[in-house]
Amino acid sequence: MAARQLAALGLDVVVLEAHESVGGRTRSAQVAGVTVDLGGTFVGPTQDRVIALAAALGCRTHPTWVQGKSVVRWHGSRRRYSGTIPRVPVTTLLNTERVRLLFDRAANRLGADGMGRSEQDEISLGTWLTRVRAGQGATALLAAVARTTWGCEPDEVSLLHALRYVKGCGGINRMLDTEGGAQQDHFAAGAQEMSLRMAAELNVYTACPVRSVRHTAGEDVVLETPHGDLVARAVVVAVPPAMRNRIVFDPPLPSGYQALSQRWPQGALTKAYAVYEKPFWRDDNLSGQTLSDDGPVFITLDASPEDASRGALLGFIGGDYARRFDALPQAERRLQVLQCFAELFGPAALQPLGYIDQRWASEPWIGGGPTAHPGPGALTGYGRWMAEPVGRIHWAGTETADVWSGFMDGAVRSGERAATEVAAHLAVRTTDDEMAANA
Amino acid sequence: MTWSTESTCETTATAQAVWDRWTTASSWSEDDASCQWATLEEPLKVGSKGKVRTTGPAQNFTFTEVVPLKKMTFTISLPLAVLAFPHTLGAGSSPSTVRVTHGIVITGPLAPVFGFLVGRKLARELPRVVRLVTEHAVLAEA
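Keeping their order, the protein sequence lines are chains A and B.
Per the numbering used here, the very first residue in the first sequence carries number 1; after that it's consecutive.
Per the numbering used here, the very first residue in the second sequence carries number 1; after that it's consecutive.
Hint data in this document are derived by calculation from the structure and do not stem from the laboratory.
Any given hint might turn out to be false.
[As the list claims (entries may be wrong)] Here are the simulated distance ranges between beta carbons:
id : chain 1 : residue 1 : chain 2 : residue 2 : range
1  : B       : Q59       : A       : K278      : 45 to 55 Å
2  : A       : E122      : B       : Q59       : 40 to 50 Å
3  : A       : P45       : B       : V67       : 38 to 48 Å
4  : B       : E65       : A       : L94       : 26 to 36 Å
5  : A       : T130      : B       : E41       : 37 to 47 Å
6  : A       : V90       : B       : Q36       : 25 to 35 Å
7  : A       : N108      : B       : T24       : 44 to 54 Å
8  : A       : E306      : B       : Q36       : 33 to 43 Å
Cβ coordinates follow ideal geometry from the N, Cα and C atoms, glycine included.
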């Protein structure tokens with residue numbers, strides 16, 4: 001996104017992508033003739049920047065299928081329910097709603113800079129759930145939220161980070177809902193199409209990881225790649241914070257930046273798709289949306305094409321479930337996912353036309369997904385270095401966004417912000433150079 | 001009176017790998033979060049005894065059924081009830097898979113009481129235990 005914006009200003013921009021294809025944590029694949037999104041998938045209300053980008057690029061979205069009843073598997077039993085409130089025990093529901101209100105209230109009280117009280121960064125989300133007496137049921141529900149949102153268990157993410165993150169999404173409901181929420185729509189041709197279309201207009205080198213960045217104050221930046229060195233007036237680094245340490249900076253970055261990389265680990269989230277002859281669950285008046293208190297698949301959605309020419313179920317596997325699941329051979333992973341789908345939708349789920357899963361924690365240049373889960377102390381200690389430029393080195397990537405961080409919208413916003421920084425930086429330099437030349 | 005439940009899953013692990021997992025008592029705590037430790041005091045056969053600690057004091061268990069690569073059952077005596085854990089291995093839906101079933105059977109006059117007090121909690125964890133057994137069996141062969 002930063003490259004597109006800077007190229008539009010007439011600057012000479014080169015994109016160096018470590019992976020074989022562009023898109024970062026958006027990646028689309030074909031399974032039995034169906035386009036599926038292995039990474040970022042959905043967009044929803046208030047995600048204005050990604051929606052605007054998609055519109056500008058001609059990437060069409062369609063609503064996520066929500067008609068029919070949802071299923072909850074709770075304490076071993078399977079129940080159908082209508083609307084957004086799962087059929088779990090009333091005490092669990094009341095307690096969960098109480099915890100949600102407490103959480104949203106604390107998030108809304110954060111300052112304009114998204115920062116709160118330092119003690120909120122001293123504890124994990126899991127500790128906070130214990131302190132507010134969330135109980136077993138509400139804790140299980142919120143653990144599912146943590147696994148999907150950050151790819152971690154509640155004990156692994158700072159409360160303050162969680163509050164800040166949710167505030168940037170406009171609240172828990174906006175973040176989790178399908179209709180009216182972040183899962184409302186998805187891309188007809190896959191979310192990666194946006195990056196592919198942008199790349200077609202840019203000078204892009206794929207499979208070209210930057211090994212080192214040599215930066216000296218007042219001089220151009222030298223990027224070392226397997227294909228040779230590249231000299232640039234400024235650089236935008238758009239990798240997850242934990243991956244910044246994979247690049248050798250010469251001279252080394254100030255210690256705060258190094259500490260940030262060490263303390264901003266990527267989560268573990270795996271997405272699995274099974275594609276069927278048709279969306280058979282719809283015949284049973286099921287929406288394809290499920291929630292489970294046991295894994296490995298604990299949330300599912302209907303990801304079928306708009307014309308329902310095939311059926312596609314998407315399952316999420318996150319946190320500890322993903323860490324175990326990811327270690328298994330492909331045949332066992334497939335079997336586990338299909339058995340989960342069968343428990344939720346019946347034995348027809350055991351016979352897909354195709355299957356695929358994407359283990360983001362195994363991606364060498366990304367290191368995990370969907371985003372990072374800084375633990376207690378990381379945000380107040382090192383968060384200030386997240387997006388602060390170091391000379392001519394600027395930072396982008398969804399983790400650097402204040403709004404919809406962790407989502408595609410946050411990635412787009414971060415690119416726009418970094419482009420603005422670079423343009424301003426280069427304009428100042430150009431003015432300085434001209435003044436020096438005229439002196 | 002009898003109270004019972006079971007959980008089944010299919011896996012690509014071999015029957016041998018699952019059997020090894022079942023019959024290595026020292027690994028039970030890795031598969032079952034409620035188990036602190038378990039030991040088998042003599043070679044595995046019908047009548048072999050061991051000890052297992054979950055919550056509360058350690059309990060004695062006895063193998064009542066041992067058919068290598070097919071099934072095994074061990075039991076724990078309770079007041080006016082017997083708690084049995086039958087394990088069975090069967091053919092899967094394809095030649096490369098096996099079906100693994102763990103059960104809980106409580107018999108005796110107080111079976112309904114222990115089913116309510118103990119069985120429900122064990123039943124809730126049963127699918128997770130079966131899955132962990134099969135995952136560890138798969139990984140042992142990888």
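Status of each hint after checking the structure:
1. B:Q59 - A:K278: 45 to 55 Å: Since Q59 (chain B) and K278 (chain A) have Cβ atoms about 51 Å apart, the given range 45 to 55 Å holds.
2. A:E122 - B:Q59: 40 to 50 Å: Given range 40 to 50 Å: holds, Cβ gap about 41 Å.
3. A:P45 - B:V67: 38 to 48 Å: violated (60 Å)
4. B:E65 - A:L94: 26 to 36 Å: violated (46 Å)
5. A:T130 - B:E41: 37 to 47 Å: About 39 Å separates the Cβ atoms of T130 (chain A) and E41 (chain B), which means 37 to 47 Å holds.
6. A:V90 - B:Q36: 25 to 35 Å: holds (34 Å)
7. A:N108 - B:T24: 44 to 54 Å: Cβ of N108 (chain A) to Cβ of T24 (chain B): about 52 Å, so the range 44 to 54 Å holds.
8. A:E306 - B:Q36: 33 to 43 Å: For E306 (chain A) and Q36 (chain B) the Cβ distance comes to about 53 Å; the hint is violated.
This entry does not satisfy hints 3, 4 and 8, going by the numbered hints stated previously.
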